[in-house]
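Novice: Go ahead and model the full structure; you've got the sequences and the hints to work with.
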Amino acid sequence: MEMNALSPDQRQYLQRLNDRLTVIERQVTQDARTLFAQLDARVQDPQDWLYDYEIELEVQCWLREDDPAYQEDDDNILATLKEHLKLQRSLPEPFGIDDGINHNIFQGMDGHPMQGEFHCWLYHCLYDHTDLWFNDMLRIGHIWVELQVLYQHRCEVAG
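With my numbering, the residue at position 112 of the sequence shown is 126, and numbering never jumps.
Accuracy of the hints is not assured; some may be wrong.
[Claimed, not checked] With beta-carbon atoms standing in for the labels, derived distance ranges:
no.	residue 1	residue 2	range
1	LEU101	ASN149	16 to 22 Å
2	GLU160	GLN58	36 to 42 Å
3	ALA55	GLN85	16 to 22 Å
4	THR94	ASN116	19 to 25 Å
5	PHE50	ASP87	38 to 44 Å
6	LEU101	ARG34	20 to 26 Å
7	GLN58	PRO22	50 to 56 Å
8	ASP45	PRO127	20 to 26 Å
9	ASP142	PRO108	15 to 21 Å
10	HIS167	GLN29	40 to 46 Å
11	ASP87	GLN61	46 to 52 Å
Note that these hints are calculated values from the structure, not bench results.
Each residue gets a CB set at the ideal place from its N, CA and C atoms; glycine is no exception.
Specialist: Here it is in C-alpha cells:
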C-alpha cells in the first residue's frame, strides 16, 4: 500500500504507533541509565563477582485481535526488534534509542506525506529494518517490551 493511499485515520494510527514507541524509548533509556550506574559500580568493585554485563532490549509487535490472521493459540508476532543498549552507549555520538534524532528517511523527499514527521528510532526500524510495510504496521495491536540484563562472570581455573 502506497503512503498516499492511506486514509487520515490510518495515518493517525501510524502516528500513534510512533508516539507509543517514543514513550517506550524514553522509559527504557531512563531504566537503562539507572542500571548502567549500578552495574558499572559492581564491575569496578573488586569484591563483587560481576565481571561484565549486557543490557538487551526486545520489542515485539503483535497482531490486533480483530486481524483476520490472528489466532488465539498463537504468538501473533508481526515483528521483533532487538537493541543492545550497552553497545549504543559506547558509540562516540548518541544514535539509536531515545537519541533525539529524527530517523525519518522521508524528511528530505519534497512532497512526501511523511516528510514533516518526527520518527523515533524504533518506528524507523519497523519500516526500514523489517519486512513490514505501512499497511502491515496498521495491523499492530499491542507492543511487548522486554529489558534484560545479562550478568557475566569470568574466573580463571588455572593459576
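Novice: Please go over all the hints and tell whether each is borne out by the structure.
Specialist: Hint by hint, here is what the structure shows:
In this structure the supplied range 16 to 22 Å is violated for LEU101 paired with ASN149, their Cβ-Cβ distance being about 32 Å. A hinted range of 36 to 42 Å for the beta carbons of GLU160 and GLN58 is inconsistent with their spacing of about 27 Å. The hinted window of 16 to 22 Å between ALA55 and GLN85 is violated, with their beta carbons roughly 46 Å apart. Between THR94 and ASN116 the beta carbon distance is about 24 Å. The supplied range of 19 to 25 Å therefore holds.
Separated by about 39 Å at the C-beta atoms, PHE50 and ASP87 satisfy the suggested range of 38 to 44 Å. A beta carbon spacing of about 24 Å between LEU101 and ARG34 agrees with the range 20 to 26 Å that was offered as a hint. As the Cβ distance of GLN58 to PRO22 is approximately 54 Å, the hint placing it in 50 to 56 Å holds. The hint said 20 to 26 Å for the Cβ distance between ASP45 and PRO127, and at roughly 34 Å that hint is violated.
The given range of 15 to 21 Å is respected by ASP142 and PRO108, whose C-beta atoms sit roughly 19 Å from each other. For HIS167 and GLN29, the Cβ-Cβ distance of about 44 Å falls inside the hinted range of 40 to 46 Å, so the restraint holds. Checked against the given bound of 46 to 52 Å, the beta carbons of ASP87 and GLN61, roughly 49 Å apart, stay inside it.
In summary, the structure is inconsistent with hints 1, 2, 3 and 8 from the numbered list given earlier, while agreeing with the others.
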